[in-house]
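Colleague: Based on the sequences and whatever the hints tell you, model everything.
In the order they appear, the protein sequences are chains S and A. Take 1 as the starting number for the first sequence in our numbering and just add one per residue. Take 1 as the starting number for the second sequence in our numbering and just add one per residue.
Quick caveat, the hints were computed from the structure, so don't treat them as lab data. Glycine residues also receive a C-beta, built at the ideal position from the N, C-alpha and C atoms. Incorrect hints may appear among the rest.
What the hints assert, rightly or not - Partial chain S-side listing against chain A, Cβ under 7 angstroms, derived:
hint	residue
1	Ala103
2	Glu104
3	Val106
4	Leu108
5	Leu111
6	Arg124
7	Ala126
Unchecked claim - Residues of chain S clear of chain A, computed beta-carbon distances all greater than 12 angstroms:
hint	residue
8	Tyr9
9	Pro10
10	Leu13
11	Leu23
12	Arg31
13	Arg33
14	Lys35
15	Val66
16	Gln87
17	Asp128
As the list claims (entries may be wrong) - Simulated restraints, written as ranges between beta carbons of each label pair:
hint	chain 1	residue 1	chain 2	residue 2	range
18	A	Ser84	S	Val106	13 to 23 angstroms
19	A	Tyr178	S	Cys85	42 to 52 angstroms
20	S	Ala12	A	Phe231	52 to 62 angstroms
21	A	Ser84	S	Thr101	15 to 25 angstroms
22	A	Tyr178	S	Val84	25 to 35 angstroms
23	S	Ala22	A	Arg204	51 to 61 angstroms
24	A	Trp135	S	Leu13	27 to 37 angstroms
25	A	Phe231	S	Phe60	34 to 44 angstroms
26	S	Ile86	A	Arg237	23 to 33 angstroms
27	S	Thr101	A	Gly149	25 to 35 angstroms
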Amino acid sequence: MSLHHVSGYPFALGVCVVLLLALGWLLRSQRLREKYAVVWVVLVLGLVVLGFVPQITLWFGHVTGVTTPVNLVFILALLALLGVCIQLSLAVSRLEETVRTVAEEVALLRLEVEQRDAIREAERDARDRDPGPSALR
Amino acid sequence: MPPRAPVRLLVVVPAWNEEATLPGVLAELRAALPQADVLVVDDGSTDATAAVARSAGVQVAVLPVNLGVGAALRTGFRHARRASYDVLVQVDADGQHDPAQVPVLLTGLTDGADLVVGARGRGDDAKPGHGPRRWAMAVLSLVLSRVAGTRLTDTTSGFRAFNARAIELFAQSFPAEYLGDTVEALVVAARGGLVVREVPVTMRARLGGEASTGPWRSTVFLTRALTALGFALTRPRTRPSSPPPDLLDIVPAAPQPLETEPLTAEPLTPEPLTPEPLTPEPRKATR
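Modeller: Written out as structure tokens, the structure is:
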């Protein structure tokens, strides 16, 4: 029984604080772009709110018919993570398409440069062999 | 009536680590289609594919990373559009496609198609597989025949010819996914309003590389093929942004190697010293 005197909320809040600090540090060192950090910050802040006002979870559990409120939190967390995963998949797909287009352009540009170089070299060779036409110009 | 510009034909050879078979294919292409430009798209090869192609004297576009056949082909389509080629022919680098059969493909374009698929005949060395793989082929043929409104028997053949309308469509978007270069491209073409046609050609057994075989891989093929087809059919349509070109009747006939090139009949007369009279004749912009 004595173990029940310790509340779980300070621990949860501590984790949230650590997460926020970690996110802030990643943002500051420019390893994480804001648009991807936003969703995490919002999730962490939501968790903080639930930590301070657990009545929200209880009330929401009654409303949705979930008997154990903590299960509701788990479900919401899973859904949130799922959403983030899908968002990341979308971002990766977009990136792939971008990389593909850029790579194709690079290949074609390189081809163009090579062709231009070849033409220039041929012109130079022709001039070296027969300086007549260029002298007339 | 002014003489029509010669048809500019680009052969695109997507190649990924094909240094062994590529030189033979390129030599055959030169022999069979002396009037065509050849573009090898090196799809991030780790072997000497690009070097081998360069030494054969063809144009080489090197993709910096391996992106798959779809990207290699779209590179070809983009190049063809930028350099305003009239016809693009796709030939695999593994020697499976006989360059001597390209004129057969081109007959499909002259008959009014925008996209021509070279289909393996029944007696060919290149057999389309067994078991689930064959069933998948049958289903693909059935569905794609209905989508394209023409009878298609070999929907995964990569031996194809495209006119400027098809080039325009595929330069914008060429499907990159699994089977995108074959199955999905047909769906995109048909739904984009292009006329698709199949022409029987003879094909050879590939000179290098391996076709995926075995019951497990065949089943995987079946599943993925049907998935790819399903998604392709539910996707929104894209249409070529340019109107159909008036080029269908001037696709080159089968090449006659001994004949002198009739299309470059510009007589080599010296430039007249007097400038041309400045007549306000309406002239088409050449660039």
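Colleague: Against each hint, give a clear statement of whether it holds in the structure.
Modeller: Evaluation of the provided hints:
1. Ala103: 5 angstroms, holds
2. Glu104: 4 angstroms, holds
3. Val106: 6 angstroms, holds
4. Leu108: Holds - the Cβ of Leu108(S) comes within 7 angstroms of chain A, reaching about 6 angstroms at its closest.
5. Leu111: 5 angstroms, holds
6. Arg124: 20 angstroms, violated
7. Ala126: Interface hint status for Ala126(S): violated (17 angstroms vs cutoff 7 angstroms).
8. Tyr9: Correct as stated: the minimum Cβ-Cβ distance to chain A is 47 angstroms, above 12 angstroms.
9. Pro10: With a cut-off of 12 angstroms, Pro10(S) remains clear of chain A, as the shortest Cβ separation is near 49 angstroms.
10. Leu13: Given a closest Cβ separation of 45 angstroms, the condition holds.
11. Leu23: Given a closest Cβ separation of 31 angstroms, the condition holds.
12. Arg31: 23 angstroms, holds
13. Arg33: Holds: least Cβ distance 23 angstroms, greater than 12 angstroms.
14. Lys35: 25 angstroms, holds
15. Val66: 36 angstroms, holds
16. Gln87: At roughly 20 angstroms from the nearest Cβ of chain A, Gln87(S) sits farther out than 12 angstroms, so the non-interface label holds.
17. Asp128: 22 angstroms, holds
18. Ser84(A) to Val106(S): 13 to 23 angstroms: Hint holds: Cβ distance 21 angstroms, inside 13 to 23 angstroms.
19. Tyr178(A) to Cys85(S): 42 to 52 angstroms: Cβ of Tyr178(A) to Cβ of Cys85(S): about 22 angstroms, so the range 42 to 52 angstroms is violated.
20. Ala12(S) to Phe231(A): 52 to 62 angstroms: 42 angstroms, violated
21. Ser84(A) to Thr101(S): 15 to 25 angstroms: 21 angstroms, holds
22. Tyr178(A) to Val84(S): 25 to 35 angstroms: 26 angstroms, holds
23. Ala22(S) to Arg204(A): 51 to 61 angstroms: Cβ of Ala22(S) to Cβ of Arg204(A): about 60 angstroms, so the range 51 to 61 angstroms holds.
24. Trp135(A) to Leu13(S): 27 to 37 angstroms: The hint (27 to 37 angstroms, Cβ to Cβ) is violated, given that Trp135(A) and Leu13(S) are roughly 59 angstroms apart.
25. Phe231(A) to Phe60(S): 34 to 44 angstroms: 38 angstroms, holds
26. Ile86(S) to Arg237(A): 23 to 33 angstroms: With a Cβ separation near 26 angstroms, Ile86(S) and Arg237(A) satisfy 23 to 33 angstroms, so the hint holds.
27. Thr101(S) to Gly149(A): 25 to 35 angstroms: 31 angstroms, holds
The structure fails hints 6, 7, 19, 20 and 24 (numbered hints given earlier, in ascending order).
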